[in-house]
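Take the sequences, apply the hints, and build the full model.
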Amino acid sequence: MLGAMQYLKVSVPRYPPDEEADYCIVGVGSAGGVLLQRLARAGFRVIGLEAGPFWDTERDWVSDEVGSHKLFWTEPRVIGGTDPVALGANNSGRGVGGGSVHWSGFTPRFHPSDFRIHSQDGVGVDWPIRYEDLKPYYELLELEMPVAGPAYFPWGDPHGYAYGPHPMGGVGDVLIRGCTKLGIRVSAGGPVAILSGSHGDRPHCIYRGFCNFGCKVGAKQSTLISHVPDAIENGAEIRDNCMASRINLGKDGRVTGVTYFDPEGRECEQKAKAVIVCGYAIETPRLLLNSACPGFEDGLANSSGTLGRYLMVQAGNVVLGRFPVRMYKAPPAHAMTEEFYETDPSRGFARGFAIQTVGPLPIGFAKQMMVAKGAWGWGMRQVMMDYNHWAGIALLGEILPWHDNRVELAEEKDRHGLPVAKVTFHLHDNDKKLIKFGTNKVMEVMGAAGADDVVQESRYAHLVGGARMGSDPSSSVVDKFGRTHDIPNLFVCDGSILPTQGSANPGLTIQALAARTADYLISQGADVFKTSRRSMETPSIRKDLSPPGTWGKGVPRLK
Amino acid sequence: MPESDSSRWPVNPRTNMPIPPRAQPGYYPGFSTLSQNNFWDEATRTVVLRRVEVLPPIRFFLPQEARLLKAVCDRILPQDDRDDAHIIPIVNSIDQRLFDNRMDGYRYESMPADGEAHRLGLRGIEAIARYLFGRSFEEIGPLEQDQTLKTLHDGKPPAAPEIWQRMPVHRYWMLLVQDVVEVYYAHPWAWDEIGFGGPAYPRAYIRLERGEPEPWEMDEQRYEWKAPETSLSGKMEPIAGTTKHNTTPDQGGTH
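Going down the list, the sequences are from chains L and E. Just so we're aligned: 164 in my numbering is position 159 of the first sequence, and the numbers increase by one with no gaps anywhere. Just so we're aligned: 167 in my numbering is position 166 of the second sequence, and the numbers increase by one with no gaps anywhere.
Worth double-checking, as some hints may not be accurate.
Claimed, not checked - Pairs of lysine-lysine, DSSO-like flavour, derived with a Cα cap of 27 Å:
{"no.": "1", "chain 1": "E", "residue 1": "71", "chain 2": "L", "residue 2": "378"}
{"no.": "2", "chain 1": "L", "residue 1": "256", "chain 2": "L", "residue 2": "535"}
{"no.": "3", "chain 1": "E", "residue 1": "71", "chain 2": "E", "residue 2": "157"}
{"no.": "4", "chain 1": "L", "residue 1": "256", "chain 2": "L", "residue 2": "276"}
{"no.": "5", "chain 1": "E", "residue 1": "227", "chain 2": "L", "residue 2": "378"}
{"no.": "6", "chain 1": "L", "residue 1": "535", "chain 2": "L", "residue 2": "276"}
{"no.": "7", "chain 1": "L", "residue 1": "437", "chain 2": "L", "residue 2": "378"}
{"no.": "8", "chain 1": "E", "residue 1": "227", "chain 2": "E", "residue 2": "151"}
{"no.": "9", "chain 1": "L", "residue 1": "276", "chain 2": "L", "residue 2": "485"}
{"no.": "10", "chain 1": "E", "residue 1": "236", "chain 2": "L", "residue 2": "378"}
{"no.": "11", "chain 1": "L", "residue 1": "186", "chain 2": "L", "residue 2": "276"}
{"no.": "12", "chain 1": "L", "residue 1": "438", "chain 2": "L", "residue 2": "378"}
{"no.": "13", "chain 1": "L", "residue 1": "378", "chain 2": "E", "residue 2": "151"}
{"no.": "14", "chain 1": "L", "residue 1": "418", "chain 2": "L", "residue 2": "276"}
{"no.": "15", "chain 1": "L", "residue 1": "378", "chain 2": "E", "residue 2": "157"}
Read the hints as simulated data drawn from the structure, not as lab findings. Here the structure is a predicted model, which means the values were calculated and not measured.
See below:
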């Protein structure tokens with residue numbers, strides 16, 4: 006049997022605790038992992054603080070739903086609003102690799118239109134960058150992860166994938182059949198950050214379907230296996246089980262370091278010449294809010310009052326269809342269509358949605374049936390006996406950024422005595438219209454595929470926003486390179502800086518933005534540490550900083 | 002409760018005859034995920050075997066609460082179609098989750114912490130049973146128990162308003178049902194029942210095409226059955242209060 010091929014080096018202490026680092030990165034997840042790798046390779050002294058563990062994938066991860074509870078951020082948080090967002094396993098990772106450990110791995114790019122929805126559709130806000138700014142980083146990360154997908158992907162900026170698509174299982178087949186019958190174009194076998202063939206020291210996918218519970222195989226990308234090994238090789242230090250509690254501000258208006266609780270619960274401080282917060286859409290605003298201090302009473306880098314606001318999730322309604330034949334197996338991320346991605350004025354709402362395959366395992370499926378059918382008791386037992394007959398495809402719909410959807414601090418404290426996040430969420434009129442139309446369309450596709458029973462469960466997917474980037478310091482938290490408007494040596498780089506989200510899964514965009522921010526920081530050299538000069542010059546892309554195996558022999562090329 | 006009470010058994014809809022309990026209900030007789038455990042990785046094998054072999058002690062609930070919860074779980078997921086040797090224990094694992102304070106990573110603003118919600122909910126269920134039938138939930142018959150629980154499913158509990166003011170009834174209902182299914186469908190016997198292949202690392206699934214069974218899986222052998230007359234849960238209706246955009250608690254990300 007093919008087992009683990011990759012051996013991960015554990016991070017060892019490299020820097021004395023009282024020594025100042027160049028960069029302290031808070032959160033070693035999707036963005037933090039890429040940043041750490043780039044900055045270490047460029048020769049900076051960089052330390053990553055991670056609230057969760059450094060995983061030993063063979064020992065710590067299991068092919069089991071309940072046994073994988075530890076992969077998720079399960080510290081207390083409070084949710085509210087008219088349409089509260091479930092957190093935890095739904096969207097919040099913990100441990101080195103962060104959300105990329107439990108994501109399905111769908112890696113579509115954002116469309117060019119996503120960067121200017123205010124100009125184009127009169128909703129949301131424009132990004133301070135364009136698709137063209139991010140395109141070279143999309144291409145780069147698609148090779149670094151790498152992404153498997155079709156040779157031709159027709160939507161947005163049409164492109165192809167260098168690594169081969171996956172074979173189709175029953176659920177992918179359902180989406181393809183349903184779409185084809187309705188004349189909807191469909192992408193098969195990706196784009197997904199899962200290896201269809203072995204690559205370097207990583208094995209190919211074995212189609213066991215546990216993507217959302219950590220890929221023991223090593224076929225699915227997480228920054229733990231794609232970027233962190235190279236970061237450590239190049240001198241980065243990761244301190245795992247270390248929970249940041251506040252970022253400290255010096256008298257000169259520059260941050261001086263990060264206070265954190267070490268694995269034994271002792272409070273320590275790591276001094277750094279610059280700090281990059283990579284805690285994702287809930288913990289990043291929470292840390293900055295918890296770092297309030299004289300001059301920043303409402304939260305560090307929050308002179309705009311937008312910190313924690315414009316939080317977004319995507320509509321993720323799951324449509325389940327029963328088929329006479331057996332369906333299960335294969336990765337959840339398998340096939341998709343973006344045919345409905347752009348605004349169509351005839352629908353009566355702005356922006357659009359994608360349709361993607363999902364692959365709930367038994368417990369997840371039972372919970373979906375609890376909601377979708379109201380199942381319990383004998384009804385639950387009976388519908389579960391048909392588990393193998395059900396296929397799931399889901400809406401991935403764009404919800405717009407709204408001022409009142411936000412992260413604040415609750416009264417409640419966590420085990421370190423830190424106020425926990427309170428997350429308030431409301432759906433607005435455009436969102437509701439989009440969800441209704443999109444869900445009906447997904448149900449139509451399921452019906453066209455031949456399902457004899459079609460039900461749906463309302464839910465959300467992903468989290469972004471909360472520390473958005475923009476050109477105007479009065480309405481955004483960071484500039485187009487992730488530097489906070491207020492503090493020259495404090496950066497944010499993770500999903501929280503996204504001003505809008507399209508209807509593409511955010512993982513690729515988050516990692517691409519991290520590589521771009523890294524190039525910017527490297528191009529600025531010591532200026533970041535010493536001056537308040539804010540260069541807005543776009544750096545040139547550093548393809549020489551990719552992890553080993555990205556380029557060269559045996560690596561496919563794109564025209 | 003008399004274990005051999007055939008009025009509690011599922012029924013063959015053609016003959017209307019009760020179907021006696023068996024070791025493995027479901028359409029895959031003889032299929033055993035556990036029989037494949039030599040092909041699993043060690044960490045997974047340890048976790049799953051421990052689940053089958055070790056029954057966690059009751060440490061969170063008081064004895065009378067645990068007894069009541071057991072009676073409730075027997076209706077939330079009845080196991081009257083399983084023989085005595087193959088009942089999947091539910092309450093102990095829920096107790097363990099609450100004792101270990103293993104939370105989902107969020108709490109609805111309108112809800113107390115999970116442990117307190119369970120305690121309150123049990124008090125509410127008991128109050129409803131006494132209101133409707135004048136006796137304890139544990140003493141009434143299966144149909145009366147289902148009638149009691151269905152008031153929660155339907156969002157119309159007729160008693161204990163002070164409890165349902167402290168927590169929305171549909172949120173408690175979903176917490177209860179999901180905690181029960183999370184224990185039941187984590188058990189390899191339940192995987193066998195539904196034909197789920199279970200862990201497949203490092204050996205791999207090899208047959209992707211339209212979900213065809215692996216060489217070590219079984220072809221389905223369907224039989225017809227319906228819920229017994231002494232139950233209300235065979236017919237599925239939406240949970241009251243969930244018509245709006247409600248995300249379900251805690252499910253692995255599916256995108």
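Quick rundown of the hints versus the structure:
For a cut-off of 27 Å, the pair hint linking residue 71 of chain E to residue 378 of chain L stands: about 24 Å separates their Cα positions. Only pairs whose Cα atoms come within 27 Å are accepted, and residue 256 of chain L paired with residue 535 of chain L is accepted, the gap being roughly 14 Å. Annotation: proposed proximity of residue 71 of chain E to residue 157 of chain E holds, straight-line Cα distance about 23 Å (limit 27 Å). Taking the CA atoms of residue 256 of chain L and residue 276 of chain L, the gap is near 15 Å; set against the 27 Å cutoff, the hint holds.
Restraint check for residue 227 of chain E and residue 378 of chain L: satisfied, since their Cα atoms lie roughly 17 Å apart, inside the 27 Å limit. For the hint linking residue 535 of chain L to residue 276 of chain L, the alpha-carbon distance of about 15 Å falls within 27 Å, and the restraint holds. For the hint pairing residue 437 of chain L with residue 378 of chain L, the CA-to-CA distance comes to about 21 Å; that is within 27 Å, so the pair holds. With a CA separation close to 18 Å, the supplied pair residue 227 of chain E and residue 151 of chain E stays within the 27 Å bound.
At most 27 Å may separate the alpha-carbon atoms for a hinted pair to count; residue 276 of chain L and residue 485 of chain L meet this at roughly 26 Å. In summary, the hint linking residue 236 of chain E to residue 378 of chain L is supported, as the alpha carbons are separated by about 10 Å, within the 27 Å threshold. Distance hint between residue 186 of chain L and residue 276 of chain L is unfulfilled; the C-alpha atoms sit about 60 Å from each other, more than 27 Å. Of the supplied pair hints, the one linking residue 438 of chain L and residue 378 of chain L holds, its CA atoms being roughly 23 Å apart against a limit of 27 Å.
For the hint pairing residue 378 of chain L with residue 151 of chain E, the CA-to-CA distance comes to about 14 Å; that is within 27 Å, so the pair holds. For a cut-off of 27 Å, the pair hint linking residue 418 of chain L to residue 276 of chain L stands: about 26 Å separates their Cα positions. The straight-line distance between the Cα atoms of residue 378 of chain L and residue 157 of chain E is roughly 18 Å, inside the 27 Å bound, and the hint therefore holds.
Violated hints amount to a single one, hint 11; each of the other numbered hints is respected by the structure.
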